Amino acid sequence: MIKLKSIKFSNRERALILVSFLLVSFAFNKYWYSKKSIETKEMKAKLTNLINQVSMQQKNLLQIQKSKKNISLKSSLKSQLEKHLSSSRYFSNLIAELSFEKNPEKFKIQKIQVEKSTKFDGYTKNKIKLEIQSSFIGLGEFLEELENSKYLVEVNSIKLTKLDDDLLKCTSIVKVNSYTFLREQ
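In my numbering, the protein residues as written are 1 to 185.
Treat the hints with caution; some may be incorrect.
Unchecked claim - Lysine to aspartate or glutamate pairs mimicking EDC-like chemistry, simulated, CA-CA at most 16 Å apart:
hint, residue 1, residue 2
1, 127, 115
2, 59, 165
3, 111, 131
4, 68, 147
5, 68, 144
6, 46, 165
7, 59, 166
8, 175, 115
9, 68, 154
10, 106, 141
11, 169, 131
12, 106, 166
13, 159, 131
Unchecked claim - Beta-carbon label-pair distances, calculated as ranges:
hint, residue 1, residue 2, range
14, 166, 36, 27 to 35 Å
15, 163, 118, 32 to 40 Å
16, 23, 60, 52 to 60 Å
Hints were generated in silico from the structure; no laboratory data involved.
Just so it is clear, the structure is predicted and the values come from calculations on it, not from any experiment.
We put the beta carbon where it would ideally sit given N, CA and C, even for glycine.
Build out the structure end to end from the sequences listed, making use of the hints.
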């Protein structure tokens, strides 16, 4: 076994060692710990921002769900048919009116497709698929205007796809039934 000689330091050397230790501790605190503290504060700020964005998205989603509930809470289809069949002659007029009133940068109907047309006694039921690019709010306003129009329209389904995280752009596929009165020829 090797024995080491004990080292004796003078008071001046002890003071220098203490000052060196304090200087190293201060540098560690200044450059590493404070950097981590700043990163922690930045992460907290980002987390708060994300929480606010999620909260805003949830509010917008609730607003859209509320609009959808309002559409689905229509009175019975039969009474609506009797009331609105005469004014529902051309569903395309409604779509044209509603889409031209909108700002094309915020609301745009990409495609209108008649999937099926069924004739009943005195009227025709048209299943129509609309592909729309808009903001969530723009889509909600469109659905509200569709519900409040003079035409008889029944919304069957809405499929949304978010394009931006800030809810300013989404694509949607809206399937509706439009009822038109048959003219006798």
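Right, here's what the structure says about each hint:
1. A threshold of 16 Å between alpha carbons decides the hint, and for residue 127 with residue 115 the separation of about 5 Å falls inside it, so the pair holds.
2. About 14 Å separates the Cα atoms of residue 59 and residue 165, which keeps this hinted pair within 16 Å; it holds.
3. Distance check on the hinted pair: residue 111 and residue 131 sit about 5 Å apart at the alpha-carbon level, within 16 Å; holds.
4. Annotation: proposed proximity of residue 68 to residue 147 holds, straight-line Cα distance about 10 Å (limit 16 Å).
5. Only pairs whose Cα atoms come within 16 Å are accepted, and residue 68 paired with residue 144 is accepted, the gap being roughly 9 Å.
6. Under the criterion of a C-alpha separation no larger than 16 Å, the hint pairing residue 46 with residue 165 is consistent with the structure, at around 15 Å.
7. A threshold of 16 Å between alpha carbons decides the hint, and for residue 59 with residue 166 the separation of about 12 Å falls inside it, so the pair holds.
8. Pair hint residue 175 plus residue 115 holds up; C-alpha atoms about 9 Å apart against a cutoff of 16 Å.
9. Among the hinted pairs, residue 68 with residue 154 is consistent with the structure: their alpha-carbon atoms are about 11 Å apart, no more than 16 Å.
10. Between residue 106 and residue 141 the alpha-carbon distance is near 11 Å, which keeps this suggested pair within the 16 Å criterion.
11. Between residue 169 and residue 131 the alpha-carbon distance is near 13 Å, which keeps this suggested pair within the 16 Å criterion.
12. At most 16 Å may separate the alpha-carbon atoms for a hinted pair to count; residue 106 and residue 166 meet this at roughly 14 Å.
13. With a C-alpha separation of about 10 Å, the suggested pair residue 159 and residue 131 falls inside the 16 Å cut-off, and the hint holds.
14. About 31 Å separates the C-beta atoms of residue 166 and residue 36, a value consistent with the hinted range of 27 to 35 Å.
15. Separation of residue 163 from residue 118 is about 34 Å and conforms to the stated range, judged on CB atoms against 32 to 40 Å.
16. The given range of 52 to 60 Å is respected by residue 23 and residue 60, whose C-beta atoms sit roughly 55 Å from each other.
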